[in-house]
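Participant: One line per chain: the protein sequences are C and X, in this order. Sequential numbering from 1 applies to the first sequence in our numbering. Sequential numbering from 1 applies to the second sequence in our numbering.
Rather than coming from a laboratory, the hints here were simulated on the basis of the structure. One or more of the hints may lead you astray.
No copy is singled out in the list; a pair is fine if it fits within one copy or between any two copies.
Unchecked claim - Restricting the straight-line Cα-Cα distance to at most 16 Å, the calculated cross-link-like pairs of lysine to aspartate or glutamate (EDC-like) are:
#1 Lys177 with Glu22
#2 Lys55 with Asp65
#3 Lys241 with Glu142
#4 Lys177 with Asp21
#5 Lys211 with Asp221
#6 Lys49 with Glu22
#7 Lys85 with Asp191
#8 Lys85 with Glu148
#9 Lys63 with Glu3
#10 Lys91 with Glu213
#11 Lys15 with Asp65
#12 Lys85 with Asp169
#13 Lys85 with Glu198
#14 Lys88 with Glu198
Residue strings, one per chain:
Protein chains: 2
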Amino acid sequence: MLETIFNHRSIRKYKSSPVSDEILDKVLQAGSRASTTGNMQVYSVIITKDEDLRKQLWEAHFKQDMVLQAPVHMTFCADFNRFTKWCKQRKSVPGYGNFLSFFTAAIDALLVSQNVALAAEAHGLGICYLGTATYMADRIVEILELPELVVPVTCIVMGYPDEQPGLTDRLPMNSIKHEEKYKEYLPEDIDMIYKEREESSLTKELLAINKKETLAQIFTDNRYTEKDNIYFSERFIDTIKKQGFFGNS
Amino acid sequence: MLETIFNHRSIRKYKSSPVSDEILDKVLQAGSRASTTGNMQVYSVIITKDEDLRKQLWEAHFKQDMVLQAPVHMTFCADFNRFTKWCKQRKSVPGYGNFLSFFTAAIDALLVSQNVALAAEAHGLGICYLGTATYMADRIVEILELPELVVPVTCIVMGYPDEQPGLTDRLPMNSIKHEEKYKEYLPEDIDMIYKEREESSLTKELLAINKKETLAQIFTDNRYTEKDNIYFSERFIDTIKKQGFFGNS
Chain C
1 MLETIFNHRS IRKYKSSPVS DEILDKVLQA GSRASTTGNM QVYSVIITKD EDLRKQLWEA
61 HFKQDMVLQA PVHMTFCADF NRFTKWCKQR KSVPGYGNFL SFFTAAIDAL LVSQNVALAA
121 EAHGLGICYL GTATYMADRI VEILELPELV VPVTCIVMGY PDEQPGLTDR LPMNSIKHEE
181 KYKEYLPEDI DMIYKEREES SLTKELLAIN KKETLAQIFT DNRYTEKDNI YFSERFIDTI
241 KKQGFFGNS
Chain X
1 MLETIFNHRS IRKYKSSPVS DEILDKVLQA GSRASTTGNM QVYSVIITKD EDLRKQLWEA
61 HFKQDMVLQA PVHMTFCADF NRFTKWCKQR KSVPGYGNFL SFFTAAIDAL LVSQNVALAA
121 EAHGLGICYL GTATYMADRI VEILELPELV VPVTCIVMGY PDEQPGLTDR LPMNSIKHEE
181 KYKEYLPEDI DMIYKEREES SLTKELLAIN KKETLAQIFT DNRYTEKDNI YFSERFIDTI
241 KKQGFFGNS
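Please take these sequences and the hints and turn them into a complete structure.
Facilitator: The structure is reproduced here in structure tokens:
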């Protein structure tokens, strides 16, 4: 268990070998063992292997190579559709078209995704999470024909790794851990937290390539800009609304 | 790995024995190996052991016994505070006070929580997720003194189990799995999906205790009512706004 967790790396190059349905079923079964609110299981997982559909998804995910390359694309959805249909068929009046229910279902879906990721790795597969899932939720809704009360919250690609990347660095553990209450960061804490990362050779390379003075500027000016964040915030909120989760029920 | 996943059950009774800092550190280290957007690690974990604080948290979590009983309470927060402070100290202009950034950070925090849950279980500990974390996010913000750009998205309690509950049932795997695209549920699909659960002796017991005709009614009328959902939706959205995540930056 712990070995799998500590060996995790995102895989961005895949062999073309397919993943058997048997393994996919085991992996998904592991997903379904995650904690779920009130045992409602308000999530769905869509497993896409079809080439044409994966090409459409690749376009949605900013045309990242690995999305075309990996034989399996999984979409983890917050899903109150199935549960709501059940309620309606059982003389009860569901009330899940609201933000709290969306977020509850999103939590369910995300815990499933992490179990799936770890189970896949335990079976020798590689995975990579796609942050573009929320950016392009509206396109994913169209491509995968998601009905009302279903919203994609994350995607992963999966397949047999064709690379062996090193472990990614992490901030010192004390910087993410707070004892008893939240401990606000002082300027010198911030300096200490980011010191190792900022002084790494990787950062020096990135600064040269991007012609920036600080690593933070690469994030704010290139990778995760305010303009993009605002644009995709509105788009994501619109999608959640359109899927019926921002109503008054 | 897989054994831990398949053995997971939520633990609601705990021994009073404390959890050592050494184990907590290992567990948290496992958490930090989860995938994180752009390796930004936009989350924080607050570990609360203090009795008085845990009593306040217990009150926030609808006074569920296990919150008082378990020696450790962990709060997983979407956190763009640390990252934003870093940007500001490094001549860059952060733009993370928006919904997309909140959700990105929430994903980060939730993947960490699932790694932590599994790592804890691999160390012989028991855990239980607290759905009340989003319902009562505003109170948790107050109790744990969370600053701007920090929002709790889930909590777990942790300790040595004082019960051995059986595995919880799950819906048939085909009901949560969709091949290629989303397959909409027909009325007969819904009947089939919920058949086993509805016919179980546990359900019959619940129907008798709650004096309801269908299991769905127990969810819609008692456990997760429309009225509560709407009330707590507004409260949660207000908290996200108050913490600065619904602005235009």
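Participant: Treating 16 Å as the Cα threshold, decide for lysine 88 and glutamate 198: within, between, both or neither.
Facilitator: For lysine 88 and glutamate 198, the Cα distance is within 16 Å only across copies (15 Å; inside one copy 55 Å).
Participant: At most 16 Å between CA atoms: does that hold for lysine 63 and glutamate 3 within a copy, between copies, both, or neither?
Facilitator: Classified as neither: same-chain Cα gap 32 Å, cross-chain 36 Å, threshold 16 Å.
Participant: Are the CA atoms of lysine 177 and glutamate 22 at most 16 Å apart within a copy, between copies, both, or neither?
Facilitator: between (39 Å within a copy, 14 Å between copies)
Participant: Please work out whether the CA atoms of lysine 91 and glutamate 213 approach to 16 Å or closer within one copy, between two copies, in both situations, or in neither?
Facilitator: between (63 Å within a copy, 8 Å between copies)
Participant: For lysine 85 and aspartate 191, with the copy left unspecified, which applies at a CA distance of at most 16 Å: within, between, both, or neither?
Facilitator: Intra 52 Å, inter 10 Å, cutoff 16 Å: inter-copy only.
Participant: At 16 Å max between alpha carbons, let me know whether lysine 211 reaches aspartate 221 within a copy, between copies, both or neither.
Facilitator: within (11 Å within a copy, 59 Å between copies)
Participant: Given identical chains, is lysine 55 near aspartate 65, meaning Cα to Cα at most 16 Å, within a copy, between copies, both, or neither?
Facilitator: within (10 Å within a copy, 50 Å between copies)
Participant: My question is about lysine 85 and glutamate 148: at a cut-off of 16 Å on alpha-carbon distance, are they close within one copy, between copies, both, or neither?
Facilitator: within (11 Å within a copy, 39 Å between copies)
Participant: One pair to classify: lysine 85 and aspartate 169, alpha carbons no more than 16 Å apart. Within, between, both, or neither?
Facilitator: neither (45 Å within a copy, 20 Å between copies)
Participant: How would you classify lysine 15 and aspartate 65 at a CA-CA limit of 16 Å: within, between, both, or neither?
Facilitator: Intra 13 Å, inter 50 Å, cutoff 16 Å: intra-copy only.
Participant: At most 16 Å between CA atoms: does that hold for lysine 241 and glutamate 142 within a copy, between copies, both, or neither?
Facilitator: Intra 15 Å, inter 29 Å, cutoff 16 Å: intra-copy only.
Participant: Using 16 Å as the alpha-carbon threshold, which applies to lysine 85 and glutamate 198: within, between, both, or neither?
Facilitator: between (52 Å within a copy, 15 Å between copies)
In summary, the structure is inconsistent with hints 9 and 12 from the numbered list given earlier, while agreeing with the others.
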